[in-house]
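Let the sequences and hints guide you as you build the complete structure.
Count along the sequence shown starting at 1, add 203, and that's the number in the working numbering.
Heads up, a few of these hints could be off.
[Claimed, not checked] Restricting the straight-line Cα-Cα distance to at most 25 Å, the calculated cross-link-like pairs of lysine-lysine (BS3-like) are:
#1 K323 - K296
#2 K498 - K514
#3 K408 - K373
#4 K427 - K514
#5 K430 - K323
#6 K514 - K559
#7 K514 - K430
#8 K559 - K571
#9 K415 - K441
#10 K323 - K343
#11 K392 - K427
#12 K401 - K415
#13 K584 - K571
#14 K527 - K498
Simulated from the structure, these hints should not be mistaken for lab results.
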Amino acid sequence: MSTFMLLGQVDYPLVPIPEGRQVQQLGSERRDDYLSHQTYPNRNGNKLFPIAHELLSKQTEVKVPQDLNLSITNTFTPFASTKSSSQSPSRPKPLTEEQLKEKRKNPAINIDFFTGLTKKILNDFYPKYCPNCPGKLLTKEISTQPELIRCEGCRYLTSRISYTPLHHFKLPLWMFGYVFLESMIQHPKVVTSTEISKRLRISYKGAASLKKRFQVFASQQLPKYQKLTYDALDREFKDFSLPPDEDTDITEIMENRPYVCADTVVLYSASQRANQGRKRYRHAGSTASIYLSDKLGGRQVGTLAHTIAVKQGPVFFHSVPNQKMNTLGPIIQNHLPLQTPLMTDEGYPWLWNIYKSHRSVNHSAHSKDARYKWARNRWSKNGVHNQVAEGNHRLLKTAFSSYCYIRPENSTRYLNEFSF
204 MSTFMLLGQV DYPLVPIPEG RQVQQLGSER RDDYLSHQTY PNRNGNKLFP IAHELLSKQT
264 EVKVPQDLNL SITNTFTPFA STKSSSQSPS RPKPLTEEQL KEKRKNPAIN IDFFTGLTKK
324 ILNDFYPKYC PNCPGKLLTK EISTQPELIR CEGCRYLTSR ISYTPLHHFK LPLWMFGYVF
384 LESMIQHPKV VTSTEISKRL RISYKGAASL KKRFQVFASQ QLPKYQKLTY DALDREFKDF
444 SLPPDEDTDI TEIMENRPYV CADTVVLYSA SQRANQGRKR YRHAGSTASI YLSDKLGGRQ
504 VGTLAHTIAV KQGPVFFHSV PNQKMNTLGP IIQNHLPLQT PLMTDEGYPW LWNIYKSHRS
564 VNHSAHSKDA RYKWARNRWS KNGVHNQVAE GNHRLLKTAF SSYCYIRPEN STRYLNEFSF
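Set out below in structure tokens:
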């Protein structure tokens, strides 16, 4: 017959004591020694709380998730032989390539489709040719290594991602295609590194690197888009000029033609708090808000963007340090032919000697009526306005609100991505 005893003054559950062991009061140390005795192991193969083996079949299997994603499940059989609790647990083994693939598997992502999309981008924009066979395009793939490509004739082997934005790319190729397509779908909303990290289940550092590679790709392809726009405007406005009289209404003249506008906007600025309460006197206008005070170093902390926008057409953004002629002039000349009718505000007085069809509108025009301060036509006058650029400024600010802050040295990549 087995007897029972109560441990201490707390209502502990009744613990069975085996036959032949004398009942005695146990101290805290001896009690722990008793519970962890080799003959009576604790939770690993617990025999202090006997469970009838008949209640649980030996073939019963319990599924336990390996991680919180519940993507992989392992099975084990109860009452299996386990290590003693006195031994330290072994270090977990790193996941294999197949396990990583399973962990990142998402039923909503077609990995084969995005892998093919990435390969098509590399083949179309960064084709590889065989150095031994003149004009021979490398097309033969290797099934076990998708980043390699081979010549069908001489068997020359090279990497399809070398000297491309995916140079030394360690993540699976399909992730670049996913970011590419997702950026196109969500435009004008931007895809942040945090969103990429959560969607693809990778680290933030890897997501930021993937985002940067896509920005480099957009920056390399943007000049081709710029050249196509320049040629289209050159054909459209060949031998074209606006009436020399500036008071002539040009609404009907520009009705069925591309309407081109240019303007600047401040994305991120240095507040008075960042300047430790100091006001800025050295710079004037919009440029004043992107620089710190001279006593604090005078460095640029904000971003000033220049916009060249075509109505219902492409838009090009550039990060500029100021609004001077030597800064904005070359940018406009590289994007617009000289005969293009260009609409701006009165911040471009130096364009009169360059673009003969340049028109401007005065946003600070005062009303002739004493009852009002501002004129009614200070935004649009005689068919001249720059609302195309202003509307894209609103779009740009809304999209870039997803980013907390962008350093001026990185602003060009972000603007090129948004332009692309």
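(request) Check each numbered hint from earlier against the structure, then list the numbers of those it violates in ascending order. (result) Of the numbered hints, 1, 2, 8 and 9 do not hold.
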